[in-house]
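Visitor: So the sequences go chain by chain: H and W. Residue numbering for the first sequence follows our numbering, beginning at 1 and increasing consecutively. Residue numbering for the second sequence follows our numbering, beginning at 1 and increasing consecutively.
Just so you know, these hints were derived from the structure itself, not from any lab.
Partner residues are not named here, just some residues of chain H that face chain W (Cβ under 7 Å, in silico):
{"hint": "1", "residue": "Pro269"}
{"hint": "2", "residue": "Ala276"}
{"hint": "3", "residue": "Ala359"}
Listed next, the stretches of chain W that the computed footprint assigns to chain H, with coverage defined by at least 3 CB atoms under 8 Å from CB atoms of chain H:
{"hint": "4", "region": "43 to 56"}
{"hint": "5", "region": "307 to 317"}
Not close to chain W: a few residues of chain H, all C-beta gaps over 10 Å, as computed:
{"hint": "6", "residue": "Lys112"}
{"hint": "7", "residue": "Gly118"}
{"hint": "8", "residue": "Ile227"}
{"hint": "9", "residue": "Ile303"}
Backbone N, C-alpha and C fix where the C-beta goes; we use that ideal spot for every residue, glycine too.
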Amino acid sequence: MSSTEEKTPNSKSESWKIDLQQAGFVRRLFQARKWYGADWWFVAISTAMVMGFIFVALFPGMLAPYNFDQIVGTSFLAPGEYPDLPVLITRSDSTIKTLRDLAGPDNTEPSKVGVIQGSPSAVAVNEQSQQVDAQLVSENSGLRLRPRLQRFVTAKELLDAVNSGQVPVGVTNLSEFNLLAADYPNLHSGSSITSETATAGGFALGTNDVGQDVFSRLIWGTRVAIIVGFSSSIISLLLGLPLGLLAGYFGGTFDRLLSLVMDSLYAFPGLILAIAITAVLGPSIYNVIVAIAVLYIPTYYRIVRGQTLQVKEEVYIEAARSIGAKRSEILWKYIYPNVIPSIAIIFSVNVADAILTGAGLSFLGLGMPPTIADWGIDLARGQRFIQSAWWLITFPGIAIMVVVLAFTMMGEGLMEIFNPKLRER
Amino acid sequence: MSPIALIVLIIGAPALILLLYIFIKGSMGLRRYILTRIGLTLPMIFILATLVFFVMHILPGDPVRSALGPKGTPEMVEHMRENLGLNRPLIVQYGVFLKDMVTLNFGNSLIGGHRPIIDEMSERFPATLELVIPASILALLIGIIGGTFAASKRKSASDYLLRIYSVIIYSLPIFWFGLMLQLLFGIRLNWLPISGRIDPVIGASLHRQTNMYLIDSLLSANWPALGSVLTHLVLPTVTLGLILSGVFVRMTRINVIETLQADYIAAARARGIREQVVVYGHALKNAMIPVITLIGLQVAILLAGAVLTETIFSWPGMGGYLVQRISARDYTAVQSVITMFALLVAIISLAVDIIYSLLDPRVRY
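Could you build all of it, start to finish, from the sequences and the hints given here?
Guide: Quick look at the structure:
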């Protein structure tokens, strides 16, 4: 640091040196850029991302088009690919949106529906109309749906008929319509008649092996990641912080024994220990949280203990002791505030690690029960179809990466602000 | 001779001779350091073993019941408990567990041919070594070269790129990264095989001595086998190696930056020594010392990464064995593999600390 201080004007360097010793957590966060050029926007961007993920985790239903275990379409649809289902073809100005809109009072002339002779869509219209009709009857609405099918030989004839108004509505498979759609700017394809959920817009990220929407599962999976990340980190923090403070402050045999245990635990490959714990306890979100929490206690313990040892020797602690401050007071009022910044850094990195470990456990089939929407489980399921469906293994991984990246970046940013020594300018 | 004995001989014997040599030739301080360090390793092994015992025996969950499944009658459960010694008092079980660990006698596997677990592990351990060693070398190479380069060109575009690289690598889930490599190089481009250690047809002709196929194929001069082993090795090694390299880039960069501010570097520059020589000759040597301790800590990441990498690439190593035995509910095998990992961690961190003390004479008790 010596060379850097000489470069900056004396008055300026003096002022921030004094400030730094008295600055609190929040003040440092906002003044760090002015004082020593740490990039607070790095923290800001990553915090915004983290907040965003927490929001998604809290309200997945708002953003996901479907439920995570809902079967919504044909299996193995590529991203953006149209599910090839029978759809309603209408003129753009038509008010008919669903098959049900064609229903009318019992005594009126049944409406006409154009279909292609002998095509599966014609069969689908019949079956689906009967279902809707039965429903209308059971509702006592007074309406009936008994469409009269008008058969055409080719898709072109059918589209011409709809275009000219000969029939109000036609039904074809979406792929057939899409082939000719360019020639009929006035026509548009509505929703599918067989499945209410399968929209004509396709699925943004495709569907999986059983026909669930990959995007919706991704959104719902955020919930598990955030819950596992935060809960396990909070548990480790609540155990590691007091143990570290006490061991660092009191020292002695207690400290030596505890440190030995913590160091051993720290050296042991975390994932493997978590594998052992979840293998014994069985897959459930609580067991995953417990298993991961155990792994990261030593991280907090080591840092807090080290900082406590350092701070303990400071003059102001000695002064406090000499005026008769109680031990608990010294620990709580003098030492504890000094470890908060490091805790904030470890915490955000820890959440990132916990999410990665949790996903790894699920990937191995040891984390979540298979009924939960979880990125690790989706990856493991997708691995079986790696030859044919690239989207199944691509997107959950990107989701894990982005969330972990946000937390890691937040840790990095906080580190730059609270540990300016690492940033020699 | 069993493969594991061969490997222990190949790696262990020279290490032991070296250790003895250092011990005899070294200074008083060094000798005391090594003794203390070995003295500290024993409690560490003990604590880790206790931890494993606690997880496997005391945590709720009944391995016998889950091994037998719903079809297990109470008599079968009782019989199996007796066979495994699970009906004895915990303290006795603990004693037996420790004894078995010291004698490396892990009992027989619960499934398949009921072979001794130590035999099953000794077949798979070489596979893990064959994956882990090249991966560590790759990670170190990328880490040292990249980190030093970034440090020497501070604040340049390449420095920022390398920093971003290390942050992104840190956030990559290793299993996903492996899958992406498989997708790209194995399936889209069809350049490299995506699973196993060797082509099964070529593998049949390979005479296995150490079960490290690289060494085996070299020893028997079986060139097609060597080619097949190498192509199978590329993707797993790159997966594991790149994931590890992020931390090394980061640590090397920070340490080189710190070293570059030392007075002796200023002196070297003042003497007019070329910048490249200053960075790579003078600074790197000292900066590497803390990085070496880091290698010791990375063993944990390396082993955990190996478990996931082996699972993705169907690599028949220790990690793959662990996962396979967990799903088969072979509880004795799971316990043995995890105990083995604990022993490995303790021994490797001991070795790294001893190397560290040789490189840096200031490290003494």
